[in-house]
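The whole structure should be built from the sequences, with the hints applied where relevant.
There are 2 protein chains.
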Amino acid sequence: MRTGITSASAVLFLMMAVPMPSFATESSVTAGLMPMPASITRNVGGFLISTSFNVGITGSSSPRLERGVARLLSRLEDKTGVQLPKEIRHDLNSTLIVNVRSEGPVIEALNNDESYSLTSTATSVRIEAPTTDGALHALETLLQLLEPDAHGYVIPAVVISDAPRFPWRGLMIDCSRHFEPMEVLKRNIDAMAAVKLNVFHWHLTDDQGFRIESKRYPKLTQVGSDGLFYTQEQARELVQYARDRGIRVVPEFEMPGHSTAWLVAYPELSSGSAPVAIRREFGVSSFVLDPTREETYRFLEGFLAEMATVFPDQYVHIGGDEAPAPDWKTNPRILAFKKDHGLSDNDALQAYFNQRVMTILLKLHRRMVGWDEIFNPGLPKDVVVQSWRGEESLAKGATQGYQGILSAPYYLDGMKPASTHYLADPVPRETTLTPEQQKKILGGEVCMWGEHLDQRTIDSRIWPRTAAVAERFWSKQEVRDPDDMYRRLASVSLELEQLGVRHLSSEDAGLRELAGREDIEMLRTFATAFEPVSFGERVQQQHTSQLTPLTSFVDAVQPDPPARHAIQRTTTQFLATGGQQTRDSVEAGEALLRFFDSVGASVPEVEKLMETSPRLATLRTRAEQLAELTLIGKQAIEFRKTGSVPSAAWTEQGLATIAAARKPGEMVQFNFLAPLTELVTAAR
Amino acid sequence: MRTGITSASAVLFLMMAVPMPSFATESSVTAGLMPMPASITRNVGGFLISTSFNVGITGSSSPRLERGVARLLSRLEDKTGVQLPKEIRHDLNSTLIVNVRSEGPVIEALNNDESYSLTSTATSVRIEAPTTDGALHALETLLQLLEPDAHGYVIPAVVISDAPRFPWRGLMIDCSRHFEPMEVLKRNIDAMAAVKLNVFHWHLTDDQGFRIESKRYPKLTQVGSDGLFYTQEQARELVQYARDRGIRVVPEFEMPGHSTAWLVAYPELSSGSAPVAIRREFGVSSFVLDPTREETYRFLEGFLAEMATVFPDQYVHIGGDEAPAPDWKTNPRILAFKKDHGLSDNDALQAYFNQRVMTILLKLHRRMVGWDEIFNPGLPKDVVVQSWRGEESLAKGATQGYQGILSAPYYLDGMKPASTHYLADPVPRETTLTPEQQKKILGGEVCMWGEHLDQRTIDSRIWPRTAAVAERFWSKQEVRDPDDMYRRLASVSLELEQLGVRHLSSEDAGLRELAGREDIEMLRTFATAFEPVSFGERVQQQHTSQLTPLTSFVDAVQPDPPARHAIQRTTTQFLATGGQQTRDSVEAGEALLRFFDSVGASVPEVEKLMETSPRLATLRTRAEQLAELTLIGKQAIEFRKTGSVPSAAWTEQGLATIAAARKPGEMVQFNFLAPLTELVTAAR
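Chains Y and L supply the protein sequences, listed in that same order. Residues 9 to 692 (the numbering used here) are what the first sequence spells out, left to right. Residues 9 to 692 (the numbering used here) are what the second sequence spells out, left to right.
There may be inaccurate statements among the hints.
[Said to hold, decoys possible] Not the full set, but computed from the structure, chain Y residues with beta-carbon under 8 Å of chain L:
{"id": "1", "residue": "Q91"}
{"id": "2", "residue": "R341"}
{"id": "3", "residue": "S501"}
{"id": "4", "residue": "T559"}
{"id": "5", "residue": "R623"}
None of these hints come from the bench; they were simulated from the model. Owing to the predicted nature of the structure, the values given are computational and were not obtained by experimental measurement. Every residue gets a Cβ at the ideal spot worked out from N, C-alpha and C, and that includes glycine.
Next up, the structure:
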């Protein structure tokens, strides 16, 4: 029987609880805030939530605002346990007054005023906003302010004045590679609203499935979807759901490439070769729509007109990326067309196609969005380019007068830490763009591609990391301290789970399934040390397709688990004094020892579990490496603590073990190799 | 920093893992089986699941069976991680052959043949069933048989022949007191299918809300539901979903009592007084439909005819319970009616009402089900009485020729252990009913009333306990060993969570919300010692209504947590030798010490948490009691181990502390007071 083991999660909590001196000021009031408001002043005292709490809407009211207030009340009840009156009043004697100047536009619009102010005292809370959207943001801030004190739950006395930095703050979810049920999308939209994102970019079609019903072209889903698609009624419901939360829905219909699902249903639209089935494999397909035939445009006109009745947003995303189109270089008819129209290459032909589609969209009073590839000097200026190629490409567009949104640094399947995404700025401090050009950068979008996830794991890939990016899009440029971000992210992460997303519980569920038993404490501790490899690395390690079961260890573990940053930070703290022992460095050393101890101790337990769990048994090498790595960590700390110097052989051996652990295996990687390397190097 | 603490969950797992000598034989092959098949023979070896696994349907096929096979394949993939071919073949060369004689009736029927046989060898698996329903049951058994071995996942070689003991094996869910979204019902239907239940009894109307859309009487939901109801389209979808899994849907429309929601919408149907709003309070209401006016029957005829188009099942439940109806004793018109028709009292008037409703149902080719109160000597024999009053009432009906189903011992809101429900038998061994009368007992239904739960907590109230009752309804009377049931329940519980119900993850979510932090290991250990009090006790301790927030500690903790039985069993094992030390008793003593140690050690940690969590702070007294109780437990074991005798004062004090801990507090109770009392008494 093991003794002396403290679970890793407890250790990590303690590490994270050590306050960083730089945030001592006002840190309590901002603990739950993300994104950080433009301005916040803390006053003394606060407003205690009690059964006499009530809400009055003054100024412009609307069913949408009332539903927002009803959600606020329900969440406040859940968080405080206090039963609250549900009637919404319309007078100034209420404890919470929401004063909205106007409902704002009938559908969400890009240029909507989303600002608000929130003033709380010991006796009342007052929200002012020019539009309902601003008020909805204020209600989310109110919930994030809630904090416990000796008497109950309190809204601290503050004066907040807030407005977003960028008007386009999006999350894209790919529902083609793997279909996501409505409830998954709804809970993700709830979470988006909580962190003030305002664009849900719905990637509805791709080679692996056509996910939106067309009554006009029913084969698109009959043949192109495995029966997994959204009816128009469901799509309208989701648009309404998002609208209720101040979120626009921008649908994406990929063309002319990524179009296997169109073409398996309507092969007559193909450029020559047509697929016989939707694509199960990932990667770029060579099937493309035929841009040279009028039938194609008549089809698209019919389809887009139908979609315009489902999606009211001003913007429609046409994809436009990755269309290698070998047929365009070999099909004699297409070659002739290119020649006739003076289209020198495939890019020119795609530009022609985009122009034609744009004309269709303009007739439908829609504006076009597309990925980098649509960018073409001949393109009219009211197109929006979504940059997956990077900041440079985005800036280039802006200098030429094109509006753009940045996505390249926000690809979640890169499995990068939240801090990496967080520090990438659509308009970085060092930008060379003029203020006028900067205005062309509308904001950014987080992209969640769906190859390696399903409804069970998607939440942990999106959250909480996306909350950090949401802050990048909303808050001032100078709000960019990763330590402070992680401090607040821990709190927001919990709030998001309570709101319905399952990034925390899905890891437990996955580990339980792997372990085949309810008690997974040791496996959870073991898992603390790992994170999934990036999309690119996974593809190299394992052949996956749409049909691959996604219930491996890599699917259970979270990207950027709280452990990762905590260990890095604690290591920095431990090494900061250059060998001198301070209270901070001693505490940090103890915390690191406990971490290595508990994670190391989990190894034999998990190895025992492997005997009855064949799917865990594949992790044997990883387990052995983990045992070695934690031992090295403990030894390194002991050297440092005792001031003794390890042998060169020890250092060499330690670094070699770390190097070996970096090698690919089981699609997971250790998340503490960088600080461990620092520890080993520092001991020398 | 604490040391030497092992989490309670790990301890409990170890305790449960100690094999009980009585099940050593064949215990591995039955580990995941629930309900236990009628006959099972284990042979040597088994069938390894690999990528070459494929399924052939021979005999009668149907889209329903094919969907069932598709679900099997998907779940097998999830559990094994092996990607399987999805094409269903129709030849005898498949590795799994499903041979069904006929699809069975077009809708689920009571007398459907649900039997099946399953034979597995090292090279193939063969399922035979007279109907699709039998085959669907066999597929669930197949999944429960799956076990890991050194090479992967294996179906052990067995010969199973199986059929249910009772034809009516139900679960009732009350969706009126709290509305349950469709996905909650769907995942519960998935879980029902996994344990071979076959009736979903849908309690759709009650004082607190009318939950099914009527196009003919739209005010029923417009006025009577807070907007929370199922559309007819959704109801049809659920019927289809259940049918796909071999489950009938019996809708319940409560009348003439429990009818506030009818009457707030259509007050003209009332017996005199009519409500002004749906009822928020619980308990019995005095509003009833007027049984003396023809308008009432015309209304019901219209309503039930409409519902017959939504619910194809042969049975319709009309409630009929708890209709005190003061108006029937005071309204002059009703008094006159009673006199004119020779109806001596309210019971007679209700019997008249039931007769009239029955006539309506017969015209619609439906049979009537009602609670105990509908039972009346004048009632035609083809009514089915659902007994919430008990076995005696049920048996009395049977002797008079009425069909019945038992529910009294299966009320989940009593928060009783699974074993208590498990041992209650619709036709107990000692029955005095003749074999002919016994046939009148169709089976039983588990009842989940909805006063004190919502969509976040319902799963943990229903599961895994209902799986034990499902075995009672399916398996032979003599399968009734609680220890063996709990051994298998642990495995089934996990399987149910993987299938989608959230009885495990919802406790974590609730505790996280209470703690306000992600790491809840200590709070989870603390919670291990508690369970919710019964519905009746909760009502005495707290005034609750439909509007009460359900996010207290009592809502997070599970009824009958695995700890409860494990501690009881380990205590029995520890004390079994009468003081003599055997290997078993020593091991049991160590396990108990670890439990008391870890739970006791959680107390100061949780008390620290209370400082920042006002909603946990209300548990202070409970925490202090827990610290005392675990100390007493440890001392009692030490006395026993060392053979020393405690002072009379110690025993008296210990028993007094236990008695104090039994007193009501925070709507939870300690789940180990019985074994603790045994330990204290034994030490004496």
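Broken hints, by number: 2
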